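Asker: With chain A fixed as given, assemble chain B onto it according to the hints.
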Amino acid sequence: MSQAAAAYRVSHLDALEAESIFVMREVVAELERPVLLFSGGKDSIVMLRLAEKAFAPARVPFPVMHVDTGHNFPEVLAFRDARVAELGLQLVVASVPEAIESGLVRELTDGTRNRIQTPVLLAAIEKYRFDALFGGARRDEEKARAKERVFSFRDEFGQWDPKNQRPELWALYNGRHHPGESIRVFPLSNWTELDVWHYIARERLELPSIYFAHDREVVERDGMLYAVNEFFRTRPGETPFTARVRYRTVGDASQTAAVRSDADTVATVIEEVAATRITERGATRGDDRVSEAAMEDRKREGYF
Amino acid sequence: MTATLTEGRAAESRPMDLLRFATAGSVDDGKSTLIGRLLYDTKSLFTDQLEAVEAVSAARGDEYTNLALLTDGLRAEREQGITIDVAYRYFATPRRKFIIADTPGHIQYTRNMVTGASTADLALILVDARKGLVEQSRRHAFLCSLLRVPHIVLCVNKMDLVDYSQEVFERIADEFTSFAAKLEAPDLAVVPVSALLGDNIVSRSEKMPWYEGPSLLHHLEHLHIASDRNLVDVRFPVQYVIRPQSTTVTDFRGYAGQVASGVLKPGDEVMVLPSGFTTRIAAIETADGPVAEAFPPMSVTVRLADELDVSRGDMICRPNNAPSTAQDIEAMICWMDETAPLRTGGKYAIKHTTRSARAIVRGLQYRLDVNTLHRDEGATELGLNEIGRVRLRTTVPLLADGYRRNRSTGGFIVIDESTNRTVGAGMVLEAG
Chain A
17 MSQAAAAYRV SHLDALEAES IFVMREVVAE LERPVLLFSG GKDSIVMLRL AEKAFAPARV
77 PFPVMHVDTG HNFPEVLAFR DARVAELGLQ LVVASVPEAI ESGLVRELTD GTRNRIQTPV
137 LLAAIEKYRF DALFGGARRD EEKARAKERV FSFRDEFGQW DPKNQRPELW ALYNGRHHPG
197 ESIRVFPLSN WTELDVWHYI ARERLELPSI YFAHDREVVE RDGMLYAVNE FFRTRPGETP
257 FTARVRYRTV GDASQTAAVR SDADTVATVI EEVAATRITE RGATRGDDRV SEAAMEDRKR
317 EGYF
Chain B
-8 MTATLTEGRA AESRPMDLLR FATAGSVDDG KSTLIGRLLY DTKSLFTDQL EAVEAVSAAR
52 GDEYTNLALL TDGLRAEREQ GITIDVAYRY FATPRRKFII ADTPGHIQYT RNMVTGASTA
112 DLALILVDAR KGLVEQSRRH AFLCSLLRVP HIVLCVNKMD LVDYSQEVFE RIADEFTSFA
172 AKLEAPDLAV VPVSALLGDN IVSRSEKMPW YEGPSLLHHL EHLHIASDRN LVDVRFPVQY
232 VIRPQSTTVT DFRGYAGQVA SGVLKPGDEV MVLPSGFTTR IAAIETADGP VAEAFPPMSV
292 TVRLADELDV SRGDMICRPN NAPSTAQDIE AMICWMDETA PLRTGGKYAI KHTTRSARAI
352 VRGLQYRLDV NTLHRDEGAT ELGLNEIGRV RLRTTVPLLA DGYRRNRSTG GFIVIDESTN
412 RTVGAGMVLE AG
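As they're listed, the protein sequences go chains A and B. Counting in this note's numbering, the first sequence runs from 17 upward without gaps. Counting in this note's numbering, the second sequence runs from -8 upward without gaps.
Isolated chain A, as found in the complex (with noise of 0.2 Å):
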């Protein structure tokens, strides 16, 4: 190896992060209204992170929406507050619960709010004119979103066309739209989970407390821990036990399930993220368990 090539040299998590934060910049020089999706969630935070890095000395120049279920977890939601407060940003709340008073959307019989959240975004999307929306969506996460593109087009209903995908090459990414019409964007669709938890623990970046061990009330239900509050309704023969667990996601609190963990540092999730053999959402997420092609289903009907 020549000496010149061995200085150069640039870690995988320096190329992602690179890519990101490129991908980042093309959205803002090219279209007019890109807003970020922010859950408080970790990939969201580590999104956030590379906007703010992105952009530096300047301020992030985009908005953040939450799409908010209703059903949070209310460590999220204050860590949610606390980082947006801290960069100065502007912060849009989606209401589910607003949109099922005023009868954008019905509540399901069973309760969960996964697929109605799909028109509170996509109203919001058309309120505010937004043209393009950052997701934190990882290709390795789920089979339809590997073959999602980082510059995703949504046509005016929302809709991804996924045999009808704009090829994607080099990285020249195309963002045209018409009027109406909208590009979602992944920055992070080259990362899998334990690439960000890398970069959190490169960037010490801090997270909603929910995603180290703690003790917590939890009822089994198909081999997943479900916490017991008041989104989640017990079922009769399911009796709540205490256990040590965490959250490899985070999402609608009456759909996301914990893990058993004793990790507690960043350092001892990474070790327990390079160790497990189950997938994080086939690990903790009830809404993907629907059908083979569910994430697909969804996706088409405009979903993240």
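Derived from the structure by calculation, the hints contain no laboratory data. These numbers were taken from a predicted model, which means no experiment stands behind them. Some hints here could point you the wrong way.
Said to hold, decoys possible - Covered stretches of chain B, going by a simulated chain A footprint (3 or more residues, C-beta under 8 Å):
(1) 83 to 90
(2) 106 to 113
(3) 229 to 243
(4) 252 to 262
(5) 373 to 385
What the hints assert, rightly or not - Coverage of chain B stretches by chain A, computed from C-beta distances (three or more under 8 Å per stretch; other residues unrestricted):
(6) 178 to 185
(7) 288 to 300
(8) 393 to 402
C-beta: ideal position from N, C-alpha, C; glycine also.
Answerer: Chain B alone, transformed into the frame defined by chain A:
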């Protein structure tokens, strides 16, 4: 003593780097089995994914667990048993993170393969040892050379079905090597494997003692890719101008972008195109503080010593090493639109580096048969998946290098102005 200690530590904490590779082929070649094997043996395949695939395979009555279902995630793909798009897969070893762009191999998916190859450091081409090179293998090799993928690995698969025969392997390897020589493929390795049984995938197989090369994974892990980057020609396409509107940061004007090639240092004399003004680099900023040099693929913010009119789409280079500034472009174009062909006189939008332009097709010199490499000079249009040499005239000059020398500043995409769809991929042959 101190030096030795430092070296020791550096070697120990050597960070992982990143290698992107494209695979092409069909289920018949065992491509999905090979990818499944790589994922499985590097513990990147998860139990729930495998169980889901096993369940679907069993329900469909497949005789074996169809690992193609791991990557064929779309409903239409599962229903029709085909791969219709590029799927991205990830795995890592302690040395390297890998991104696989898995593309279908049939001719009607040439655009997918071109897409996957455009960002690849390496292309993995599979052949079935029983069949040897087929038309598809040659086409894949040609597309890799057209897209200037720096490394090619030919996996001669299903060696178990030819009794691990050295003779069979060498005949295929020789044939491919002489074919690849004509394509000027930069770096070529040939590995005999059985993806199904794991021979020569992660570790050397005992069944082929005559093979002296590394296993596939060892090759992927140790391949030297750092010097594939062009560290000679300074090219910094300005992506975005950062000018904080703030009371704490005043007088900051920085040019944000990703280094396309070359090495930039504070103090370097640079030229800004298209204006041609020269100045010096005052500083190279990142959110983590200023850096002493910037090189690909770093995203940085460059500050210049003089106040110049610089905006998105401009290019920072060196006064004695600049790209060409031209409106007449000769390029190879791969057409990707199924709704309308490329024709002489057609007008399109172009995106090249961070610069957008409009272009008119002045002429189609020839259409290339991707299987025979025959040039059809009588061709009048390029249809879906067809490749040809095209002359373009652009509304504004492109600041371009030949694609052979620089993949970042030699590639462009063609966009239909009415539908906004990406309809073509272009590679600049010569500018000016």
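Asker: Starting from the hint list further up, note which numbers the structure goes against and sort them upward.
Answerer: Numbers 4, 5, 6, in rising order.
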